[in-house]
Amino acid sequence: MGRVKTIARRSFLIGSAAIAGGVAFGTYLYKRDGTNPLLADLKMGETAITPYVKIDAQGITLITPRADVGQGAWSMQAHLIAEELDIDPATATLISGPASAIYYNGVVGAESMPIAATSDTLLARTGRGAADVMGKLMGLHITGGSSTVPDLYDRLRMAGAVARETLIRAAMQQTGLPRNQLKTENGCVVLPDGLKIEYLDLAVLAADIEPVQDVTLRDPSQWRYLTKPQKRTDIVAKSTGTQIYGIDMVMDGMVYATTRTNPALGGELVGFDAEDARKMRGVQAVLPINGGVAVVADNTWRAFQAAQAVTCDWGPSPYIGDTADQFAAVAASFSDDHQDSQFKDDGDVVAALEGADVIEAEYRIPYLAHAPLEPMSVVVKMTETRLDIWTGTQIPRFVQANMAKLTGMDADNIHVHVLMSGGSFGRRLEDDYIGQAVEIAMQLPDTPIKMIWQREEDFTHDFPRPLAMARAKGIIKNGAVDAFDLAIAAPSVAESSLARLGQPAIGPDVAIVAGAWDQPFDIPNYRVTGFRTPAMVPISSWRSVGASGNGFMHESFMDEMCHAAGVDPLAERLRLCWHDPSRKVLEAVGEMSGWGSDLGPNRGRGLAFTLAFGVPVAEVIEVTNTDDGIRIDKVFVAADVGRVLDPVNFEAQVQGGVIFGLGHAMNCELTYKDGVAQQENFHAYEGMRLYQTPEIIVRGLENGEKLRGIGEPAVPPAAPALANAIFAATGKRIRELPLSKSIDFV
Amino acid sequence: MKLTVNGETHEVDVEDDMPLLWVLRDELGITGPKYGCGIAQCGACTVHMDGIAVRSCQLAAGDVSGDITTIEGLGTPSALHAVQEAWIDLQVAQCGYCQAGQIMQAASFLDLNPDPTDAQIDAAMSGNLCRCGSYPRIRTAVKSASSKLKRV
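Residue numbers (my numbering), protein chains in the order written: chain A, 1 to 746; chain B, 1 to 152.
Each hint should be verified, as a subset may be incorrect.
[As the list claims (entries may be wrong)] Have a look at the derived ranges for each label pair, beta carbon to beta carbon:
#1 E736/A x S147/B: 40 to 46 Å
#2 V12/B x A101/A: 52 to 58 Å
#3 Q339/A x K143/B: 32 to 38 Å
#4 D63/B x K732/A: 27 to 33 Å
#5 E11/B x Q308/A: 26 to 32 Å
#6 S147/B x L217/A: 38 to 44 Å
#7 G29/B x N186/A: 32 to 38 Å
#8 P229/A x A119/B: 26 to 32 Å
[Said to hold, decoys possible] Looking from chain B toward chain A, a few residues come up when the C-beta cut is under 10 Å (computed):
#9 M18
#10 R25
#11 E27
#12 Y35
#13 T76
#14 I103
#15 N113
#16 P114
#17 P116
#18 T117
#19 C132
#20 K148
FYI, nobody ran anything at the bench for these hints, they're computed from the structure. C-beta atoms are modelled at their ideal positions from N, C-alpha and C, and glycine is treated no differently.
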């Protein structure tokens, strides 16, 4: 038997090191020595030393560092490793792993660069390479931007292959057999006589072996899990009430807390009177925190009740407080001194518009809340030597750094345990709620504290998707779209959210124009300009980020132009589209929906296309104009992620994205009065419910060159496809979201 | 007061007006029922009282007048209820946070109406919010569970 090493926490992160009686594997494509391994090799596609597989006597543990917020990331990461490791992912334990720079995201940074996903120029490749290096250097341990699959597709399969080959090497030592006589199957090395040695029994031996680096990834034709319908690793737990979310953690001696901070965003707590609250049953403490108060009790409901009983004297919000004024600020930012970007400027738009018969339109989209169904919640415990945090978060390493700042503790002593999230849609890219719980813990050391926000606190303290406006101009020439000029004004998400993460936001904010400037159309005169509205209420990324609203603006105007030209919206897009995978999704959705066939009276069909996060998505929506309002009958979606790794979850994510896009487009907005969000709960922010849900028919295409993620890309085309269908059915063009301000829905 | 939850009787010392949800979660440690809105708008807290689906965030502890069943009492990973089986077969859950409530709603509904029409399913399930948009699969799973239950 090999010897069992004891190692420090740091060395766990490096390669194949022994862990209490077992072994941890990682990939080893980087030079281990050298003064700065991260800078030593800037080539694309290379991965850092990344431990993802742990084996000990208890079993196999797979480390799945990307957060699962419902998109199925844990299960997909496990399947990627398992495919090469030759285990059944259902038999492995999945853990998130520690917050670590090793788990950097090398893809998400490229989303903040003005590089079209369809571009493969030297500049584009260099930019993506820089994003990869930036991810490494900054240790961006972050989940978002539909990046889990593109970022980890190779890295995790490689980790699985390295672990497998190293276990085989251990079996070779034990049996004296050569490599070509051994194979692997279901967690075992199989000998020529059919005898099996379990991986678990090889772990200790493997700990003494230098990980095998020269591994070849399997050809897709040999895959057992990938591209086949997968069984989500969490599906049983989530169907039996046994999945533990951040809100469900229970610890001995735990107390329950909630917070109430100034609903007028950014306003101070001038003073408070907690005399009544302190007398209430079960209340243990009422504590001041930044901008408000925290109540600690022996039961969450008692904490909620007491928090309401605290009388607070709130200061005013420093921000433009009323939504009408917020829109006025956006409108005022369409000016040269607010111009942020002009990444698209083909032909000569100015000359084309000069003296021509110009079609003009103005679009508006509102602030939107994330409102994941699990309200912000976290369990924390702080002692003199360490701080433990259990919660659903997409940014464990930023949490670690920010809480180090807040507490003065060394970041190494702050342990972030990432739990399953009950939704996020981008909300858990913020750590404000964690900071509040830590503020409580600093005042109540050694006590585990579970902090849960009331839903009203959640809605009124969101960092919403920003409002935006677009002004569009176009001309038709010879029955075709000849000039298309889209100006979009919005506050900058990057400026707002990066500041909270302690990072600078340099240069233009791509999100202001994402999903508009980067569309694969050859229009002779085609320009997209971004204008940055000065910061107002704090904002952040919301499922599909900038494209979530820009898709509506771009595709509504495209539809208007097609109708003005008297051309078929599908035929015209196909004529203008130069990108083959995009053309194919357009053709597919046309075929699926029977585009062009007669729908009968009071019915209409709308088309929209958006390429976002590298995924071209085309959607056709059929509606009926009934006596009770618009009914959405059917949605057809074609999307191309390069390769569909799990057809089950692919369909689920596309359907979910469509429903998310449609529900918010129908009836959701966050409006403000004196800096206070006016929608406090789901009665005022419904989204889609089951009775309104159409049949959604999904097709995955695989013509794209690169693998892409599908959590977000189906969202942007949903709103414009619906608005365009409403126009087709009713003749009414709606240029403002939510649509319910202009029309009724069934 | 005494509460019978999943076949077990508990003596709890709580205010009459404490919602059942918080008795279950914080006093009894039964965390399957979820807090989502607190005002009966989302259905994540749905449990059964004598087999009927109720929103436990709106049911005061003092008003509990029957046996309570939570998702944990409906079926377990090793002994699934037909509705849970359907939910697993069809892989309904995404984030899964609403699904305990969805399943409890569906189980009670199918108990009362074993052979529902599509419109009845839509009406019965529309009080349960899913932010991830798993509705198409919920619809299919309710139908599948209905057939499963009929075969039993």
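Going through the hints against the structure:
1. E736/A x S147/B: 40 to 46 Å: Once the Cβ atoms are compared, 44 Å apart, the range 40 to 46 Å for S147/B and E736/A holds.
2. V12/B x A101/A: 52 to 58 Å: violated, 47 Å
3. Q339/A x K143/B: 32 to 38 Å: Violated, since Q339/A and K143/B (Cβ atoms, about 54 Å apart) do not stay within the stated range.
4. D63/B x K732/A: 27 to 33 Å: violated, 48 Å
5. E11/B x Q308/A: 26 to 32 Å: Given about 28 Å between the Cβ atoms, the range holds.
6. S147/B x L217/A: 38 to 44 Å: holds, 42 Å
7. G29/B x N186/A: 32 to 38 Å: holds, 36 Å
8. P229/A x A119/B: 26 to 32 Å: holds, 30 Å
9. M18: M18/B check passes; min Cβ-Cβ to chain A is 5 Å, inside 10 Å.
10. R25: holds, 7 Å
11. E27: With a closest approach of 7 Å, the E27/B hint holds.
12. Y35: At 7 Å from the nearest chain A Cβ, Y35/B passes the 10 Å test, so the hint holds.
13. T76: holds, 6 Å
14. I103: Constraint on I103/B satisfied, holds at 7 Å.
15. N113: The hint is violated - N113/B has no Cβ within 10 Å of chain A, the shortest such distance being about 16 Å.
16. P114: This interface hint is violated because 19 Å lies over the 10 Å limit.
17. P116: Violated, about 13 Å.
18. T117: violated, 13 Å
19. C132: holds, 5 Å
20. K148: Violated: closest Cβ of chain A sits about 14 Å from K148/B, beyond 10 Å.
Consistency note: the structure conflicts with the earlier hints numbered 2, 3, 4, 15, 16, 17, 18, 20.
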